[in-house]
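First to last, the sequence lines map onto chains A and B.
So in this note's numbering the end of the first sequence lands on 479, straight run, no missing numbers.
So in this note's numbering the end of the second sequence lands on 479, straight run, no missing numbers.
Any given hint could be a false lead.
[Unchecked claim] Straight-line C-alpha distance at most 20 Å; calculated SDA-like pairs for lysine to any residue:
| # | chain 1 | residue 1 | chain 2 | residue 2 |
| --- | --- | --- | --- | --- |
| 1 | A | K39 | B | I128 |
| 2 | A | K319 | B | Q65 |
| 3 | B | K150 | A | Q65 |
| 4 | B | K150 | A | E105 |
| 5 | B | K189 | B | V374 |
| 6 | A | K86 | B | K388 |
| 7 | B | K320 | A | K39 |
| 8 | B | K207 | B | K388 |
By construction, these hints were calculated from the structure, which means they are not laboratory data.
Keep in mind the model is a prediction, meaning the values are calculated, not measured.
Number of protein chains: 2
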Amino acid sequence: MANEKMVKAITSMEEDFAKWYTDVCIKAELVDYSSVKGCMIIRPYGYAIWENIQRIMDDHFKQTGHENVYMPMFIPESLLQKEKDHVEGFAPEVAWVTHGGDEKLEERLCVRPTSETLFCDHFKNIVHSYRDLPKLYNQWCSVVRWEKTTRPFLRSREFLWQEGHTLHATAEEAKLETEQMLNVYAKVAEEYFAMPVVKGQKTEKERFAGAEATYTIEALMHDGKALQSGTSHYFGDGFSRAFDVCYTDKDNKPVHPFQTSWGTTTRLIGAVIMTHGDDNGLVLPPAIAPIQVVVVPIASHKPGVNEKAEEIYETLKKVSRVKLDNSDQSPGWKFAEYEMKGVPLRIEIGPRDIENGCCVVVRRDNREKIVVALSELETKIPELLKAVRDGLYEKALERRANMTYDVKTLDEMKKNADEKPGFIRAMWCGDRECEDKLKEICGVTSRCIPFEQDKISDTCVCCGKKADKMLYWGKAY
Amino acid sequence: MANEKMVKAITSMEEDFAKWYTDVCIKAELVDYSSVKGCMIIRPYGYAIWENIQRIMDDHFKQTGHENVYMPMFIPESLLQKEKDHVEGFAPEVAWVTHGGDEKLEERLCVRPTSETLFCDHFKNIVHSYRDLPKLYNQWCSVVRWEKTTRPFLRSREFLWQEGHTLHATAEEAKLETEQMLNVYAKVAEEYFAMPVVKGQKTEKERFAGAEATYTIEALMHDGKALQSGTSHYFGDGFSRAFDVCYTDKDNKPVHPFQTSWGTTTRLIGAVIMTHGDDNGLVLPPAIAPIQVVVVPIASHKPGVNEKAEEIYETLKKVSRVKLDNSDQSPGWKFAEYEMKGVPLRIEIGPRDIENGCCVVVRRDNREKIVVALSELETKIPELLKAVRDGLYEKALERRANMTYDVKTLDEMKKNADEKPGFIRAMWCGDRECEDKLKEICGVTSRCIPFEQDKISDTCVCCGKKADKMLYWGKAY
Numbered sequence: 003m004a005n006e007k008m009v010k011a012i013t014s015m016e017e018d019f020a021k022w023y024t025d026v027c028i029k030a031e032l033v034d035y036s037s038v039k040g041c042m043i044i045r046p047y048g049y050a051i052w053e054n055i056q057r058i059m060d061d062h063f064k065q066t067g068h069e070n071v072y073m074p075m076f077i078p079e080s081l082l083q084k085e086k087d088h089v090e091g092f093a094p095e096v097a098w099v100t101h102g103g104d105e106k107l108e109e110r111l112c113v114r115p116t117s118e119t120l121f122c123d124h125f126k127n128i129v130h131s132y133r134d135l136p137k138l139y140n141q142w143c144s145v146v147r148w149e150k151t152t153r154p155f156l157r158s159r160e161f162l163w164q165e166g167h168t169l170h171a172t173a174e175e176a177k178l179e180t181e182q183m184l185n186v187y188a189k190v191a192e193e194y195f196a197m198p199v200v201k202g203q204k205t206e207k208e209r210f211a212g213a214e215a216t217y218t219i220e221a222l223m224h225d226g227k228a229l230q231s232g233t234s235h236y237f238g239d240g241f242s243r244a245f246d247v248c249y250t251d252k253d254n255k256p257v258h259p260f261q262t263s264w265g266t267t268t269r270l271i272g273a274v275i276m277t278h279g280d281d282n283g284l285v286l287p288p289a290i291a292p293i294q295v296v297v298v299p300i301a302s303h304k305p306g307v308n309e310k311a312e313e314i315y316e317t318l319k320k321v322s323r324v325k326l327d328n329s330d331q332s333p334g335w336k337f338a339e340y341e342m343k344g345v346p347l348r349i350e351i352g353p354r355d356i357e358n359g360c361c362v363v364v365r366r367d368n369r370e371k372i373v374v375a376l377s378e379l380e381t382k383i384p385e386l387l388k389a390v391r392d393g394l395y396e397k398a399l400e401r402r403a404n405m406t407y408d409v410k411t412l413d414e415m416k417k418n419a420d421e422k423p424g425f426i427r428a429m430w431c432g433d434r435e436c437e438d439k440l441k442e443i444c445g446v447t448s449r450c451i452p453f454e455q456d457k458i459s460d461t462c463v464c465c466g467k468k469a470d471k472m473l474y475w476g477k478a479y
Numbered sequence: 003m004a005n006e007k008m009v010k011a012i013t014s015m016e017e018d019f020a021k022w023y024t025d026v027c028i029k030a031e032l033v034d035y036s037s038v039k040g041c042m043i044i045r046p047y048g049y050a051i052w053e054n055i056q057r058i059m060d061d062h063f064k065q066t067g068h069e070n071v072y073m074p075m076f077i078p079e080s081l082l083q084k085e086k087d088h089v090e091g092f093a094p095e096v097a098w099v100t101h102g103g104d105e106k107l108e109e110r111l112c113v114r115p116t117s118e119t120l121f122c123d124h125f126k127n128i129v130h131s132y133r134d135l136p137k138l139y140n141q142w143c144s145v146v147r148w149e150k151t152t153r154p155f156l157r158s159r160e161f162l163w164q165e166g167h168t169l170h171a172t173a174e175e176a177k178l179e180t181e182q183m184l185n186v187y188a189k190v191a192e193e194y195f196a197m198p199v200v201k202g203q204k205t206e207k208e209r210f211a212g213a214e215a216t217y218t219i220e221a222l223m224h225d226g227k228a229l230q231s232g233t234s235h236y237f238g239d240g241f242s243r244a245f246d247v248c249y250t251d252k253d254n255k256p257v258h259p260f261q262t263s264w265g266t267t268t269r270l271i272g273a274v275i276m277t278h279g280d281d282n283g284l285v286l287p288p289a290i291a292p293i294q295v296v297v298v299p300i301a302s303h304k305p306g307v308n309e310k311a312e313e314i315y316e317t318l319k320k321v322s323r324v325k326l327d328n329s330d331q332s333p334g335w336k337f338a339e340y341e342m343k344g345v346p347l348r349i350e351i352g353p354r355d356i357e358n359g360c361c362v363v364v365r366r367d368n369r370e371k372i373v374v375a376l377s378e379l380e381t382k383i384p385e386l387l388k389a390v391r392d393g394l395y396e397k398a399l400e401r402r403a404n405m406t407y408d409v410k411t412l413d414e415m416k417k418n419a420d421e422k423p424g425f426i427r428a429m430w431c432g433d434r435e436c437e438d439k440l441k442e443i444c445g446v447t448s449r450c451i452p453f454e455q456d457k458i459s460d461t462c463v464c465c466g467k468k469a470d471k472m473l474y475w476g477k478a479y
C-alpha cells in the first residue's frame, strides 16, 4: 500500500529524532536547502504556514494598538556600537557589508541581527514631547546572525521574524507593555498553535544583550528538549540614554523615555513540528494549517462520486480552508501525502457513503474515523477542527506533565539530565556560579524563572545555600 | 487659520517639484531619513499604504494561481555569475558581504538585487518531470541596489518589492504568463490606484539584464516625467540552460523549461504621490488609503456633537476604513492635517448639522462639499469613495492627454523635450544608434513600444529612414 511506503520514507522519531525532524521538513515540502550555506528556502507549503502565523500575530498586534513600519536592513558599525552590552552580544555574529559595487565603503555596515539601534536612531528624530509617546511599532522582516551550525527553522543564518519596538513615558508603562506582549505570545501559542508554554523571566546570564529584563515562553518538544518560542525585553532607559532619545514632559523637563522590544520567528514552525508531529509526518493545528480539510473521492470512476466531492468542497469552502484532490493518484497515496503534510481532517467520499447520505471524516491527530451526515457537514467540520486543536493541546500538555521532573539535589539533577529528557524544576540561589556549574556538570541551561512558582525545597539545587526561586532547567534548541 | 499655515509648510509644485515631492513624503509622515545612507525608513502611515498595496496585489497573484515562497537574501558570487548578461547588469550595483563575525568568508555573497539566480538554483532541485510544471512563485522581500543618488520610494539602496518567478513547459505558456502579469499590474494601477498607464514592450537597450523581452507599464507624473511602474520579463530558456534546469517531457526527452519574472516595488507609492498629489499634500486613491474617511466634530463642546460623531464612526466602520478625530486640536488644524495625509473624504458634523439630520462630506480630490442625510451615510459613503476614484482617474487621464505630444522630426522632438514636459510619441526605425542619439540630443529615453500603435508618420524621427514602430519617449524617474 502506498500509504505504508510513504510512512517508511521518513525516519522514526525513536530511531533518530534529529533525522526525523529534517525528514519532515523536506518531505512535507516545507523547506529546501539552498546554495547559500546556513540559509534555507521556505517553500510554498511552509510559507503558507508562516503567512497564517503572521496574520494571527499581526491581528493581535494591531488590536493592542501597534503599527507596522520598515527600517533599513543595514546598521552602520558606529550605530551598532552605541550601546555597549548590545554590541558585545551581537558583533561576533553579524554579516558585514564592506563594498557597494566596486567601491569600498567608508564605514562597514552589518546586516541587521535585530533593530534596536535603528529604532532608537529613528525615535531620536521623531520623539520630542510627551505628546509623541507612546510609540508602539512592529516590523516584519528578515534578520541575519552568522551561526556555525544550522537547522531548518530552528537556527539559520537568515530567518524571518517580527520585532516589536516601543517607547514609553514611564518605566511602569514600558514594563506593562513587555508583560502584555509576552501574554499575547503565550495566548497565540496555546490557543492557535495548541502548544503549551511556560511563561517566565530569564536569568541575567540568559538575558538579551542590552536588556534589563527578558521574559520568555518556553515550550517542550517531543524529544524532551526545550524551545524558547518568543521573548519580550524591558530596556529601562539604557538605550534611550545611549542614543540620546529625549522628550519634554508636562512640566517642561527633559526625560529619557523607556523602551521594550519583543520578537518571534519562523522558529515557531519548528516548534509546531516538534510538538505535534509523529512518525507519519507533520500534524498541524487547524488555525495555521494551509489546508484544514482535504476531500478525497473514493472509487471516483463511479458515477456521481466526483460530483459529490465537488459539492462537499463548495460547501466547506464557506467554513474552512478546504482542498479537493481529484487527481489521478490512488486514495492510498493521497492519504499518506496529506498525513505527511499534517492536514487536520480528511474526508473520504465513495459510492456507498453517497447512498447513505454521509461521508467519513478522519482526524489526523488521533486517526479517529467519524461518520458524518452530508447535511450536517457544514456545522460539524468547524466543531471537529476545534476538537483537533483541543486534542492536540491536551496531548501536548499531558506529555509535558509526564516529562517534567522536580529535583532537589545536584545528583538528582545530573541523573535526570542524563537519563530523562524533559524539563527539570529545581530551586536556585540566584548565583551565576551555580548556573554555570549546572551547565558544566549536567549540561542544562536555565530556561526561565516561571511566573507560577512552586516551592520544591528551601535550598539551591547546586550549592545548597538558601534559595527561594524555582527555575525550569533543561537542554534546549 | 491653522489650515493655511499648514498649507504653506510645503513647497508648491510649481516652485520646485522635487522639493514638493520630498516635502509631501516627510510632512505626510510617509518616510523618515535614516543614518544609513540611501536607505529610507517607512513610517506607519507609509507602511499602511504598502500593506494595502500588498493585499490587493497578493490577492490577484493568488487568484492567478501563484504561491508565495522565501529565498535567501544572499547570492554567492559564483551563482550570480552563471548567467552572463545578468551578472553584467547587476554586479556593478550590488552590496557585498565579505565577513561573518570576525571571519572572512571563503566566497563573497551579494545581497540580492533580484532573485532569478536563486530561483533557478532551487528549480534545478525540484523540477524533474513535466508533472512538476508550471511553477508559479512569488516572493515579498527587500532588495538592495547600490544607487548613487537616491530619493524616497523612487530610488533607494534598499527597497521593498514583490518578484514573481515562474517556470513553464513551453515558450508559449511562459509568454502568456508574462503578458498576464503585465495585465494584472495595469489593472491594479488603473482600477485601484486610479493611475492610467501605457502598456508596452521595452526596446532591447532598456531590457532587463538577461531577458529576451521586457514589458512595462509607464505612468506620467504631474511634472511630465515618466515613471516605470511595473515590469514583466520573458527569459526564454536562457537561465534554465545556464543553471542546468531540465525536465523530462511526456515522451521522456530532456527539455529546458521556459521562464518569466515580474516585479513591482514601493516605487508605486511614489507614483501615486506624483500622480494625484497637490499643493495641499497627498491625495490617496481610496483603495489604498489607510484612512478612507475622517470624522471631525465641529464645536464639539456643544452637547450631543461627540456622541453623534461617535455614532457616525460606528456606522461607517462597517463600510470603510474610518477614523474619528475627537482630539483637542482645532477643526482647522484637523482639516489641514488630513488633507496633507490625503484622506479621500472628510465628514464635518456640528450642532446645526445634527438639527438638520445631516452632515457635510468634503472630497479631498476636488474639495466638493456634499450635504448628506445621516440616514443615508452608510450607502452614500461607498458611492462617494467610488466617485473619488473615478474623479482621480479622469483627471489623471486628462492631464496625460494634455501632456502627450506627437512629433515627426528631430527638431520637433528636441523642442518638445526642452519646452514641454510629458510623453512624446514618435516613430522609430529600430536602430540602437537612433535611440542613443535621441538620448544625447534630446535627453529622452524610450519608455516603451506600446501595444496600442498609432501611425504618426512613415519615417524614423531620428534618421528619417523607413519606420513602422511608434514609441513613447520621455524623461524618466
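Just to be careful, I want the Cα atoms of B/K150 and A/Q65 compared with a cutoff of 20 Å; is the pair within it? 41 Å, violated
Does the structure keep B/K207 and B/K388 at a Cα separation of 20 Å or less? 40 Å, violated
Are the Cα positions of B/K320 and A/K39 separated by 20 Å at most? Given that 20 Å is the threshold and the Cα spacing comes to 49 Å, the pair is violated.
With the threshold set at 20 Å, check whether the alpha-carbon distance from B/K150 to A/E105 stays at or below it. 11 Å, holds
For a C-alpha distance cap of 20 Å, please report whether A/K86 and B/K388 respect it. Violated, because 54 Å separates the two Cα atoms, which is more than 20 Å.
Holds or violated: A/K319 to B/Q65, with C-alpha atoms at most 20 Å apart: 15 Å, holds
B/K189 paired with B/V374 [C-alpha distance capped at 20 Å]: 32 Å, violated
Between the alpha carbons of A/K39 and B/I128, is the straight-line distance 20 Å or under? 18 Å, holds
The structure does not agree with the numbered hints 3, 5, 6, 7 and 8 stated previously, though it agrees with the rest.
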